[in-house]
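Participant: The lines below spell out each chain.
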Amino acid sequence: MSPLDLILPVAGIALIVLLVWLTGGRRSASIADTDAVRRHLALDHPDFEPGDLRLAVDKRSALVVDRGERRTAVLFALGDRITIRLLAPGDLAGVTARDGDLTLTLADLGARRIALRLGDAEAARAWAARLDRLLIRDAETPGGRSAAVLAS
Amino acid sequence: MTLPDPVALAVPLFIALVLAEVAIARYRGSASYELRDTAASLLMGLGNFAQGLATAALLYLVTAWVWQFRLFDIGYPWWAFPAIFVAEDLCYYWFHRLSHERRIWWAAHVNHHSSQHYNLSTALRQTWTGNLALTWVVWLPLALIGFPPALIAFEKGISLVYQFWIHTEQVSRLPRWFEAVFNTPSHHRVHHAINPRYLDRNYAGILIIWDKLFGTFVPEDDAEACRYGIVKNLGTFNPLRIAFHEWAGIIHDVRAAANWRERLGYVFGPPGWKPDGSGTTSEAIRAAWRARISAAGQETT
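Keeping their order, the protein sequence lines are chains A and B. Anchor point for the first sequence: position 82 equals 138 in this note's numbering, and the numbering is continuous, going up by one each time. Anchor point for the second sequence: position 5 equals 30 in this note's numbering, and the numbering is continuous, going up by one each time.
For reference, chain A alone in the conformation it holds in the complex (with noise of 0.2 Å):
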């Protein structure tokens, strides 16, 4: 193996990390309003019937309960894209209510921080509260430590 073999993938990736910068690769998605909440489910999550919502003051995320109260989505920007995430209790590590911002800490590599800029402070700790029944319990967390101490 020469050091070409490495210099040129490398290289290449440098390249192209840049001519996709130039050409405006670095873009961000929004949620426009509560019906693209609902089309996002319907597409990705049929079955869910939208209840309860609250899209971020940013566009960038939404919290949404279905009407029978047993499931709840949270939708959020990753890059250009919109992802879905249903939550069940034992999903979520921790929940946190701060001046107007809720942060969800999921119990998932996969995802694990999601960010929500609620704008109200009312509305997040009211949030905060309703999601607490989706918390990993002390016997669910297997160092015992209760996950449920990270919601202030």
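Everything labelled a hint here was simulated from the structure, so no lab data went into it. Even for Gly, the Cβ is constructed at its ideal location relative to N, Cα and C. Possibly wrong hints are sitting among the right ones.
As the list claims (entries may be wrong) - Chain A regions said to be covered by chain B (calculated; three or more residues, Cβ under 8 Å):
#	segment
1	60–68
2	76–90
3	129–136
4	139–150
5	165–173
To be verified - Far from chain B, some chain A residues (derived; all Cβ distances over 12 Å):
#	residue
6	Asp100
7	Leu109
8	Val121
Based on these hints, arrange chain B on the given structure of chain A.
Facilitator: Chain B only, in chain A's frame:
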């Protein structure tokens, strides 16, 4: 006989084609490249290259060991090349299908599907853990039959290089005869799609005939655009999380399992499997889709 390494030879071509696709996508206004997504895919490719270097000798030794017990002395006559082309592609089909149908191999393969984009950089979003998950055992029968290990490695490289160019939305359809026999961008877009109609279909490497033979072929429907990614899309561009998130999921589920049936199900069952049958496996998603379509009085094919 000394055979070249097709992948090493193709690296400059990979780079040139990605650069060309970025420019073409920009020109056509079909901007399919996102900066961090592309960087993550390329870093996954680099990591795959590194793990390949680290494990190549071991894999070669294992293959050579099996080859000692070969049934035939095939060597390198002219007909060995078309024969290995077909035989390796059949092995690839089953490796790929099992990588979608069994969670332990899905954990190694999921990263390749984890981008919500579909472009040539996605082709390079390759596994870091496939060799650790022993996915290479699928090719060992080729050595047992008598194909030389170097010929098997060469053909695996050819297959990987072929599959690079089909990761694009810039090519719509190719001539009908080609679409009928070979894996194409259209067939492979279906494979990367999460629409229930398309989910876990078209596992082919080079020849699409295997999917037609084993009942896993679905053509791309112009009326239903492909939506790319995985059923539970990732919320990260971090290559370490991309590479290991499903392994972490397996460990989490196995630790929480109540008995050995559940533990085995979480490891060797289909992705999304749950002991109570409520899991969102591909088949469950497809069944729910069929039920919705049926209720709406539409056709599912």
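Participant: Taking the hints in turn, state whether each one holds.
Facilitator: Here's how the hints hold up against the structure:
1. 60–68: holds (count 5)
2. 76–90: Holds, because 7 residues of the segment 76–90 of chain A bring their Cβ atoms closer than 8 Å to Cβ atoms of chain B.
3. 129–136: holds (count 4)
4. 139–150: holds (count 3)
5. 165–173: With 5 residues in contact (Cβ-Cβ under 8 Å with chain B), the coverage given for the segment 165–173 of chain A holds.
6. Asp100: violated, 8 Å
7. Leu109: holds, 20 Å
8. Val121: holds, 19 Å
When each numbered hint is compared with the structure, a violation occurs for hint 6 only.
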